[in-house]
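**Student:** Those protein sequence lines, which keep their order, are chains G and A.
Going letter by letter, the first sequence gives residues 10 to 329 in this note's numbering.
Going letter by letter, the second sequence gives residues 666 to 1025 in this note's numbering.
For the record, the hints were derived by calculation from the structure and aren't laboratory data.
Treat the hints with care, since some could be wrong.
[Said to hold, decoys possible] Under the rule of at most 30 Å between Cα atoms (straight-line distance), these lysine-lysine pairs were calculated in the BS3-like manner: (1) A:LYS671 - G:LYS148; (2) G:LYS152 - A:LYS862; (3) G:LYS129 - A:LYS862; (4) G:LYS135 - A:LYS671; (5) A:LYS865 - G:LYS97; (6) A:LYS865 - G:LYS230; (7) A:LYS861 - G:LYS152; (8) G:LYS261 - G:LYS321; (9) A:LYS865 - G:LYS29; (10) G:LYS152 - A:LYS781; (11) A:LYS734 - A:LYS781; (12) G:LYS129 - A:LYS865; (13) G:LYS148 - A:LYS781; (14) G:LYS200 - A:LYS865; (15) G:LYS260 - G:LYS200; (16) A:LYS861 - G:LYS41; (17) G:LYS135 - A:LYS862; (18) G:LYS326 - G:LYS260; (19) A:LYS667 - G:LYS97; (20) G:LYS129 - A:LYS671; (21) G:LYS230 - A:LYS862; (22) G:LYS129 - A:LYS861; (23) G:LYS152 - A:LYS865; (24) A:LYS781 - G:LYS135; (25) G:LYS29 - A:LYS862; (26) G:LYS148 - A:LYS972; (27) G:LYS326 - G:LYS41; (28) A:LYS671 - G:LYS97; (29) G:LYS135 - A:LYS734; (30) A:LYS861 - G:LYS97; (31) G:LYS135 - A:LYS861; (32) G:LYS152 - A:LYS671; (33) A:LYS671 - G:LYS41; (34) G:LYS200 - G:LYS29; (35) G:LYS129 - A:LYS667; (36) A:LYS781 - G:LYS97; (37) G:LYS41 - A:LYS754.
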Amino acid sequence: MVLFCMNAGDSCKITVVVIKVENLYKTYGAIKAVDGISFEIATGEVFGMLGPNGAGKTTTTEIIEGLREPDSGSVSVLGMSHGRDSDKIKQRIGIQLQAPSLLPLLNVEEVLDLFGSFYKRRIGVKEVLERVSLTESRKVLSKNLSGGQQQRLSVAIALINDPEIAFLDEPTTGLDPQARRNLWAVIQEMKDRGKTVFLTTHYMEEAETLCDRLVIIDYGKIIAAGSPRELIRSNFDESAIQFEMASPPAKKSLLAMPGVTQAAIDGTEVSVYSKDIPASMGALLKMAEQDENGGLLNLHVRQATLEDVFLKLTGRKIRE
Amino acid sequence: MKTFFKLFIANTRQFFRDRMALGFTFAFPVVFMVIFGLVFSGADEFQYDVGLSSQDSTQTGVAVAEAFKQIPIFSVTEGELENQLEELKKGSFRAVLYIPEGLVETIARGEAVDIKLYYDPSQTTSIQIIQPVVREFVNSINQMLTQQPALVRLQEESIQLKELGNIDYLVPGVIAMSIMFLGLFSGLPLIQQREKKILKRLGATPIHRVNIIYSQVFLRLLLALAQTAIIIAIAYFLFDVAILGNWLMLLALILLGTLTFVGLGYMVAAFARTEEGAMPVIQLIQFPMLFLSGIFFPVEFLPDFMKPILNALPLSYLGDGLRQVMVEASPVFSLSTDFLVLGGWLLASLIISIRFFRWE
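With the rest of the complex left out, here is chain A (with noise of 0.2 Å):
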């Protein structure tokens, strides 16, 4: 227990002086998290740049007018039809409404008005969230003219307890990815002492070799707390990000990722003899886990084919699993399933970590 808890000692000493790592852990993930709210954490109030060109300026006209600009999703302005086109063209508006002259006149004959929407097929994105806007409002309008009351309504009403943002998404991508590194990297000390000899000075003293890698585990695990920490206050503060889940189970599942992180991250040190080697082997393991993982989007937006590597990479099961914890998102595994692909992950990378590693 001396010896580990010296060893301990010596590892966070080590890391806190060492520049690099300290930066890796603790800077990375708040940068990340900065920009990555800064970007995302307005979707809410976000809007759509577009064109309004009335011709009508009767009281219904104006009225009409006025309703439209009233949508909070669109930025309006007004102007002439041939400008707003011209304008449409070089990308300043995603779509232009056009309310032609004598709406009460055509109304009056029994006729139906024309409200024509000018835009650009190309940007497809948006005009999926536009069309069904501008169709709902010149419904509305139409039964505002006509005075029927409505017999159907639809009621909204969202199944989570909050509506999930992007950015709240994200905290939990952003939480995965930090344990991922942090685990990943976790075998760079051990090959960095293996290669210094280090690791053999110490097993030429009467402890026990182990208490070596159980000391490193015990940091790994509380800066992985302590990253989580800092990035669930930077969500919470700055980008108003509510925790809603279990705690003890966030706890839980953080510890067990990062187990299995550093776990895999011990794999590599058995097979590396150089942290010049280890580096490429790590990329490897972490790039294809950071897109295939659906840490940072929806998995729908995968190709069909490439779900089963989704179901294969221990990091879904991580990001799925905090993401059911912290923000109540739907799962796209069960959280007893998250828990027994990590803890497999875990078992199986200690098994070759112990066959293969060397101390020399």
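Bound-form chain G, shown alone (with noise of 0.2 Å):
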């Protein structure tokens, strides 16, 4: 295992790499998967790998889980690696595929049962069930549970042998905004319990609530890495701020207003990056003032988020 020095400041901790990845590449035919990403993972953090769909996260996420062999680079995995170890590193992760993979015709406490059966350490059933809420569905065939609920039993599978780290490969895709703040929580109450876990996702949103530190994928490459905080603080000095107006000014008169760097109008809504808030919000409100068609609508000032910091590194939106 490797010591190093996460903040290198004035408190220096020790803290242990359990994840290292070095210079990965896949490729499938003509199309690089993964194109020489290389990072590394500290215990106890929950880590997100960011991009959009096909961007190669769950390729690169499959070969460090040891289900798919690298063309080249190196994956170590609690300080082995696979081939040899494979067998001792599964025993001490936790996995969740994208695709739910249950057996449709075992019920909720039969599937976790079985799998709990793998492992030489294991949760009961009933804490495990009680983690993702679904303990009153325990008798229901996984078959004939709701999406959400076949992504919680999934997610329960990855945490049965009480695993060292949980990779989680976009848990909350397709699930109603309540479900996902349900999984938020189990993935918060892992990082409580000290664990580490492995995150993909491609929303924004997510990656900024629960990650400690992310890295931006795109094309199979790393374009950006750091905790939500630095990354948007290195992109943008600005903050945003959105409103409505009837009818909205030129993009010229906004960008001629003291502060702002940056304007985007989109039919009634107007968004406008400034390094200044109160010098162009003192323009904007003179400006609403002398407009005849009701002034500003839905007024407010918000800090650029990963959505921005991806528009601004890749020119496109991360949905596209």
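Join the two chains into one complex using the hints; note that each chain is given alone, in its own frame.
**Tutor:** Printed below as a string of structure tokens:
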């Protein structure tokens, strides 16, 4: 195991690296699914891998899990590498695949009991069911579960061996907001127990809320890495002022306002990025006073988000 | 071992919750057996409807008519010749026997009596049976009337311990068919689990994936035994088919046959990506086998150019072996050949399956 300092500052914590990935490459035909990826994950971190569909998240994840072979590069998990120590690694990690992959004719309890029996170390079915709030559905055949319940059962399987690292591949995709928040609580609880969580998602909000550190990947490459705050701060000095206007002003006149660096007009919706919020706001309000069509609606100031970071780095929205 | 056992329990649960598979495995052979039994088990008492028109009302004439009515395979209706012939044309009778009047007088004059048998030549199969019976009947009347003792008699003795009826021939056939279905379809759960990424999910745990296969094969073997037991029970209790052979040999054949066809089923799973893709392949394998393997009718009926096909099909050997062991039917192949060929097919399908099977 490798020891290193996370923050090169006054409070240098000694941290244990549980996952180390170096120069990973994987191609499928002409497609470079993973194009030279390296990173390290420390114990107890919630580490996010963020990117649009097809960016290479799942391929990278499955290589680390030992389900796929890379073309080149090395992976170390808990100080071991796949191949010789594959079974030992699998005993200590929990995996949730993107597809729920449940045995359709077994009920929730039976599925968990079956998977639990594969591990030397395990926690009780009851406890896991409670953690993912499936206790009431424990006798339901998995084919009769709702999409959200299937997803939660799939996460429950990943927790049944009380893993040191849990790999969750887009666990909240397709869930309604309520179910998504329930799963966030499960992940937060894992973090509180000192477990390491490897999370892939294409929801920026999710990554911002849950992740200690994350990498943004696009076309198989890491295009940015750091904590959500760092990522936003390093890419944006500005905050965004958003409002609606029946007849928005010309972009030119917006850019002429003090502090404004960028502006975007989408129909009646206007976003203005500003380094000097008070000055820009003053100018905007002045303009609104002279407007005869009802002035500003829904005015708010918000921080730049990871969504803005992704937009800035790739020129695309993440879910396009 | 624990993994194998847990997977076996899981497979068994899933199997019994899948009504389709359950019906296919148990209801189908039972229905098949009952229908076959009802159609064919009465074969011994099967009777041909035959018309009789006797013009001779003397004591001798009545005695001859009565003797004719006693022939067990005929159900005799008496009537006027013209009406009887009309019925024969309509198909109500297979044949009509005509006894002219004046039997005793004609014989006394030293002339031969002409007893006539009318039949419809298009009814070839029934005529082939009726003709010799009537001929034999006429011979014995001759002997009775001339009172000459028979000098040479034919004593018939079957070399089989028990005479085989159609049903006896069919029971091993139904068992062979059920084993073939059970085996060929055993690849489907695997294809399903691969399609739904369940195999991939199981592969992400520390278990050895071959346990998945072992546990499924084990379940299939148990199902084959249960299936066979049910079929034999129906045959025995409902249709009076006795099982004569060696039970251990029967067990060995059923297990080997199941393994062979499971092997073929897995071979299908190795090549077909989806369930929909597998179904036509399975049908392509099973239908020729059903009709060309001789499990439901003796192979002598097959034209010669088809014999090589029969000799290549594993079902031919399973059917032949089961018939030999269960009802001591005369062998088409030797029993050791049956075992060897089944074993050969098993080995071949295993090698191909292992070479081409993909977990994902």
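**Student:** Does the structure keep LYS41 (chain G) and LYS754 (chain A) at a Cα separation of 30 Å or less?
**Tutor:** violated, 82 Å
**Student:** Taken at face value, is the distance from the CA of LYS781 (chain A) to the CA of LYS152 (chain G) at most 30 Å?
**Tutor:** violated, 74 Å
**Student:** Regarding the pair LYS148 (chain G) and LYS972 (chain A), is the alpha-carbon distance no greater than 30 Å?
**Tutor:** Violated, because 55 Å separates the two Cα atoms, which is more than 30 Å.
**Student:** Does LYS865 (chain A) pair with LYS97 (chain G) here, judged by a C-alpha cut-off of 30 Å?
**Tutor:** holds, 18 Å
**Student:** Keeping to a limit of 30 Å between CA atoms, is the pair of LYS135 (chain G) and LYS734 (chain A) held or broken?
**Tutor:** violated, 80 Å
**Student:** Hinted pair, alpha-carbon criterion (30 Å max): LYS135 (chain G), LYS862 (chain A). Please report holds or violated.
**Tutor:** holds, 26 Å
**Student:** Going straight from one Cα to the other, do LYS230 (chain G) and LYS862 (chain A) come out at no more than 30 Å?
**Tutor:** holds, 27 Å
**Student:** Is LYS129 (chain G) close enough to LYS862 (chain A), meaning Cα to Cα at most 30 Å?
**Tutor:** Distance of about 24 Å is within 30 Å: holds.
**Student:** Checking one constraint from the list: CA of LYS152 (chain G) to CA of LYS671 (chain A), max 30 Å. Satisfied?
**Tutor:** holds, 20 Å
**Student:** Holds or violated: LYS261 (chain G) with LYS321 (chain G), Cα cutoff 30 Å?
**Tutor:** At roughly 20 Å apart (the allowed maximum being 30 Å), LYS321 (chain G) and LYS261 (chain G) satisfy the hint.
**Student:** With a cut-off of 30 Å on the C-alpha distance, tell me whether LYS200 (chain G) and LYS865 (chain A) pass.
**Tutor:** The hint holds at about 27 Å.
**Student:** Going straight from one Cα to the other, do LYS129 (chain G) and LYS865 (chain A) come out at no more than 30 Å?
**Tutor:** holds, 20 Å
Hints 10, 13, 15, 24, 26, 29, 33, 36 and 37 from the earlier list are contradicted by this structure; the remaining hints agree with it.
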